[in-house]
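Peer 1: Residue-level listing of the chains:
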Amino acid sequence: MRRKGWTGIVLLALWAVCGFDPAWAGVPTEKIKETTDKILVIVSDPALKDPSQAAQRRERIRKTVDEMCDWEEMSRRALGRHWAKRNEQERKEFVRLFGQLLERTYVDKVEGYSGEKVNYTGERVDGDYAEVDVKIVTKEKTEIPVVYKLRNKDQRWWVYDIVVEGVSLVNNYRTQFSDIMAKSSFEGLMQKLREKSAE
Amino acid sequence: MRKFNIEFTVGLFVIAGILCLAYLSIKLGGMELIGSRGYDVYALFSNSGGLKQGSSVVIAGVEVGRIRNVDLDDYQARIVMNLNEEVKLQEDAIAAIKTKGLIGEKFIEITPGASEKIIPPGGKIRETLPPVDFEQLLSKYVFGKVE
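Which chain is which? The protein sequence lines are A and B, in order.
Heads up: the first sequence begins at 1 in our numbering, then just goes up one per residue.
Heads up: the second sequence begins at 1 in our numbering, then just goes up one per residue.
Incorrect hints may have been included.
As the list claims (entries may be wrong) - Cut-off 30 Å, straight-line C-alpha distance, at most; resulting in silico cross-link-like pairs (DSS-like, lysine-lysine): (1) A:K183 to B:K98; (2) A:K183 to B:K100; (3) B:K117 to A:K183; (4) B:K140 to A:K139; (5) A:K141 to A:K49; (6) A:K135 to B:K100; (7) B:K88 to B:K140; (8) A:K117 to A:K63; (9) B:K52 to A:K153; (10) A:K117 to A:K49; (11) A:K85 to B:K124; (12) A:K38 to A:K141; (13) B:K140 to A:K153; (14) A:K92 to B:K117; (15) B:K98 to A:K141; (16) A:K135 to B:K140; (17) B:K88 to A:K183; (18) A:K85 to B:K88; (19) A:K183 to A:K49.
Simulated from the structure, these hints should not be mistaken for laboratory data.
Here chain B stands alone, though its shape is the one from the complex (with noise of 0.2 Å):
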């Protein structure tokens, strides 16, 4: 009786243990497991950046959603993105990829337009800025000058 015990314990511990570990690789991994909540939208950028699924999507740097799937679509980033159920995004909002820091991991930001045509599931943002690549950028104008 008393051995079945301690092995009942053991093996409760055993799959709380496993469990917790399944939530944190979730939780982290940032998976989601009964489906997504919120709708998808997609856009077309002429450059990802390295943007990956996962990365996240920020209004006035608040997160209101994640990328669910980055592909190429006629030798242009298609991007598709999750975002949450109560924010709506209208017709001439512009999203640009930007990076954290200087060389941080990359997201989306989006500004908030005046139209009163709001995007619906499936949707297209149109406007889209592609990320600014510093390096590049210096290069221009550290080598660019013959003067």
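Looking at chain A on its own, in the form it has when it is part of the complex (with noise of 0.2 Å):
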């Protein structure tokens, strides 16, 4: 129960900053806000919540996540310090199959949004890089504590990491990763992503 509600939570995080309009040249708060109202139209979408739509709402919001989720950044991140010795067809599957471990693991359950509240309590801006406080309300009342992480890349916010409730998500994988290929080897790992993807 607390897994599912943890996802839930960490899918909404992903949502919420992953709908990016490029139109929108303000400050990082402001972007974000306006995105998790943008996917919150979406999710509450009631032409979209039948089950014969959920490959489309599905592609909607895969979209807006390509559009600011800056991927390589978050998998150079997650990959950490073995990304330097991979070279650049390698490192580009492994962005396609990170993006898809990270739709399947949040995006998938989309079905999980039941009326929670955003609320923004807080911003700090240090020249490229940018945190962005926030507080998701559940219908209980829990307030789960959510810290985006943007960088300003070619004059555009970019999200490369999300922090719910002290828990980052690319340190996260950082730590999993790194178990994974002191284990047994890049090619292990890229195994191990695919066949999640394939699953």
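Both chains are sitting in their own frames, so use the hints and assemble them into the complex.
Peer 2: Written as structure tokens, this is what we have:
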């Protein structure tokens, strides 16, 4: 039960950030707020609730995710020091598989949304980096603190990490990937990711 | 002559004892007498979780440095770490405050990143994670549910 709740929250966090409209060019919080609202519209759209529309809804969400999340930066950070040793092709493949893994883990659980509210509580900008503090309030009035980490690249803010309750998405995968790499190899890790996405 | 010898020997032993005591207290206290080797970096945490001066900084479980100072900076915890010279931290390394076991002492764990930029002496570790408050988490999920 607890696990389910968590995935829902992480998912919500991911959506909230990942529906980015390139036309915006304001402060990071503003962007995240607008994005969240946009995503909430997609998930609560009754026309898309029908099971036959599931694929289309997923497609729309994935599209907004792609527009916003800096997948390469996220993957690079998640792979950590092993990134430098990989060639261009391996990196591309890894970014693709890692994106699929995140999609499967979080975007698949779209149905988990049940009227949580999102409050914006703070923002810190430091040069090309920014952090946006958000509190997600569940129906049971439990507050879940979420921090979005953004980076300014080509005059746009891109999200590269999401921290929920002090647990970082990138650090979580970084530890796991480094464990897998220590036990097997990069090829072993890719194989595991491929199996996951084929499931 | 003989008397002098005994007094001299006792004196030697006393001095040796004091030196041993001084050595022990410096070693056990984690103090460093002649400056410290390595270099300093700092990081800002939203919560230090009671981290203390002298706590260890580890990478992959291996101690690579110690906490030099903890103080408040704009309502955030500013933690200065002294790291061994040979340890290089990438700009996107993540510093997380962890607890040994469930209620053990706090320490900082660093997971190395992918960036080619290295944090210079006196630089800042940007990516930080506060300790996870198990008690608060538990109470949220124990008392939060009204179903």
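Peer 1: It remains to establish, for every hint, whether it holds in the given structure.
Peer 2: Hint check results:
no., hint, in the structure
1, A:K183 to B:K98, "24 Å, holds"
2, A:K183 to B:K100, "24 Å, holds"
3, B:K117 to A:K183, "28 Å, holds"
4, B:K140 to A:K139, "13 Å, holds"
5, A:K141 to A:K49, "25 Å, holds"
6, A:K135 to B:K100, "29 Å, holds"
7, B:K88 to B:K140, "39 Å, violated"
8, A:K117 to A:K63, "23 Å, holds"
9, B:K52 to A:K153, "37 Å, violated"
10, A:K117 to A:K49, "20 Å, holds"
11, A:K85 to B:K124, "25 Å, holds"
12, A:K38 to A:K141, "23 Å, holds"
13, B:K140 to A:K153, "37 Å, violated"
14, A:K92 to B:K117, "22 Å, holds"
15, B:K98 to A:K141, "28 Å, holds"
16, A:K135 to B:K140, "14 Å, holds"
17, B:K88 to A:K183, "24 Å, holds"
18, A:K85 to B:K88, "17 Å, holds"
19, A:K183 to A:K49, "43 Å, violated"
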